[in-house]
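2 protein chains.
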Amino acid sequence: MSEGDKALRVAVLGCGSVGSQVVRLLTEQSADLAARAGARLELAGVAVRRLDAKREVEVPEHLLTTDAMDLVTRDDVDLVVEVIGGIEPARGLILAALENGASVVSANKALLAEDGATLFEAADKSARDLYYEAAVAGAIPILRPLRESLTGDKVTRVLGIVNGTTNFILDKMHTSGAGFAEALEEAQELGYAEADPTADVEGFDAAAKAAILASLAFHTRVTAGDVHREGIAEVSAADVASAREMRSVVKLLAICELRDGAVSARVHPAMIPDTHPLASVREAYNAVFVESEAAGQLMFYGPGAGGAPTASAVLGDLVTAARNLLSGSRGAGESAYAALDVLPMGETVTRYHVGIDVQDRAGVLATVAAAFAEHGVSIQTVRQEGRGDDAQLVVVSHRATDAQLSATVEHLRNMDIVREVTSVMRVEGEND
Amino acid sequence: MSEGDKALRVAVLGCGSVGSQVVRLLTEQSADLAARAGARLELAGVAVRRLDAKREVEVPEHLLTTDAMDLVTRDDVDLVVEVIGGIEPARGLILAALENGASVVSANKALLAEDGATLFEAADKSARDLYYEAAVAGAIPILRPLRESLTGDKVTRVLGIVNGTTNFILDKMHTSGAGFAEALEEAQELGYAEADPTADVEGFDAAAKAAILASLAFHTRVTAGDVHREGIAEVSAADVASAREMRSVVKLLAICELRDGAVSARVHPAMIPDTHPLASVREAYNAVFVESEAAGQLMFYGPGAGGAPTASAVLGDLVTAARNLLSGSRGAGESAYAALDVLPMGETVTRYHVGIDVQDRAGVLATVAAAFAEHGVSIQTVRQEGRGDDAQLVVVSHRATDAQLSATVEHLRNMDIVREVTSVMRVEGEND
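Taken in sequence, the protein lines are chains W and G. Under my numbering, the first residue of the first sequence carries the number 1, and numbering increases by one thereafter. Under my numbering, the first residue of the second sequence carries the number 1, and numbering increases by one thereafter.
If we strip away everything but chain W, and leave its shape as in the complex, we get (with noise of 0.2 Å):
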């Protein structure tokens, strides 16, 4: 590290969407950027994959290179920034430049997700700041609140819209009545949806974040192995009209919660009421909800993704890094001293809506109401929708198991009144 002069060499790995725009801002904030880290960040190099790629940011051909491992191992790079996502080669690179005295900012959830334990380990051995507040919300800062400002405070829950697309095709399902094919088209039209948009529709980004936000939430260690996903194809117009008749709105939720002294994550859909502060998060918005017992009820929002926002969320993390580096010390490393049990989705408590065709005969109801009994499952709420060949019962349960509800759900496919079960949906956002 180049004291003397006050300034610190910054590496940054990707040029994409995110990498350019950190590029930018290095460059235009560069006299703020000074002030507030208490030293200049000079821009050591720039890896891509092409040299000759076409890029948002002009960057002095002398910094690109191709070769980041070469760059991470310098022995003038103070600070890393890895914006390349995937697991590997950036896993070995942020270890490399760990190794090598650097600090290092990421925004990639999947890897933090399935490793971070290997990467914490390398930091905490080398005594450098690992930061990754853009892997979860882009912009929005929550991993840093969760780790220091809710670090005297008991957190129970995290309720998150933490994935931006599939909130925009949900909103758009919402608000036009459009089925999912249709709303996943105009997503991919706008630019909000990639063209094999399986990491978002399937979950899988959620889930990364889910993972990273329960470990930071209970101070412990869940992957994204850990946690159950769900995606929204399942989701129909009908599911979405049944919830506006609940006054409600199905959102796409990564929910962490502890529970008996074990943590519950998993992401799928479900219905939360108009009156819960997630109701209102539109198009491509993320929000983080979380429950503590001392604070209450907190919410985060803002822009999940997109290449400025999450530069924001980077050069926040770089300039508080530089700022440790220059006073000799570091930030918070993983704190996940609690290491609690993961529970199985089975025994997550949750509740259900359910909508059921069934034939018109008198006794339906008390039929059906036994199927839930049989399971324990106790009813909050039922109604009967349209007569004779169209009558359809929309039952919501209390709390119970998953495991109860998915049994009482099978049980009543295979009742002789019940022509089909027509929707399926996890009930959230109120309390128990």
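Don't take every hint at face value.
[To be verified] Facing chain G, according to a computed beta carbon distance under 7 Å, are these residues of chain W, among others:
hint: 1; residue: Arg144
hint: 2; residue: Glu148
hint: 3; residue: Ser329
hint: 4; residue: Gly333
No lab work stands behind these hints: they were computed from the structure. Built from N, CA and C at the ideal position, the CB exists for glycine as well.
Could you slot chain G onto chain W? The hints should help.
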């Protein structure tokens, strides 16, 4: 500091609604706090005004003292929590604690907003932390996000609902149509407003918070005296109804803006559109809406007051200060390098909503419009309500300086055809 047995000793000044919750959490959560801080946090003493007062928490008798100065200058005190409020003796105690080598956590918005500079200087001199997250918006993490998470970005505007009492009153006026006096009375009955509501209702509390927010957001120094302040006592049921017709709500806002390299910091009631995220902040909740160049629009929402929520913020600061003490480092101190001028209110740029009782004469609209034009104010919309003797014009202006707008209103008041200017309110929350 007693680093040998990994314990840090905490003095708490004040044992009212916040102090008692701090003491309770220090006891009840001690194992978790120790794991997170890296050392046990032991209660060294609690300074109170009267030893025999009734308290919400039981404090061992030998830990109670009425001599706060003696407590903060003891050798075995590492961390001091100041939750007594007011200017003196709080200032003297904090200065003594810092000089004695303790790090300090305060919830004292009035003191920070009036004389933060003296305190920050003392903290720098002693190389200790002075944290005060609880001073603004209670449990909501907003100061640390501004100081750290957004430090790589350029914040351009902060709009805050930072006083729960006034938000409760205005929300009540909206939902019930009640007038100010009636809503205040209900707030007092429910414990949301004090018997003497001046500090809340006249905007003093919000102005102190605006000064703190502006200082952190813009890396400059703004004191409570720099903040233009108008309360909500003049807000009428008619104003609220008029806002509703515009699909807006009236909120008391703390507004901090960068404009032409200077800061505008002000507190006043304003109409904001229903679609703005701040519009849905109900009852006594607080929220801070932040606009920045790279991140875009963020919002932080939660309970702005109350013993336990405020204690959550205090303990987050306390654990962070403890970690820093243990590692021999400190967090970021005051950042006021930008040293910006504060704009006088007259130079602030805003929009006005003006209700005018006019005589029903031909040409009245043209005459009124000419008055606006004479002061260089252009009109966005004008609506005529009623007829004959009840004729009323509602004018919403485009953006202009507050001086131009208030001169226009003065002019209107002196016009023959104007019976009365019935309502003047600023309009915020829309883009320029």
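Interface hint check: Ser329/W, Cβ to nearest Cβ on chain G, cutoff 7 Å. Holds or violated? At 3 Å from the nearest chain G Cβ, Ser329/W passes the 7 Å test, so the hint holds.
Would the stated hint for Glu148/W survive a check requiring a Cβ distance to chain G of less than 7 Å? holds (5 Å)
Measuring from the C-beta of Arg144/W to each C-beta in chain G, is the shortest one below 7 Å? holds (5 Å)
Minimum Cβ distance from Gly333/W to chain G below 7 Å? Violated. Min distance 10 Å.
Hint compliance for this structure: hint 4 is the single one not met.
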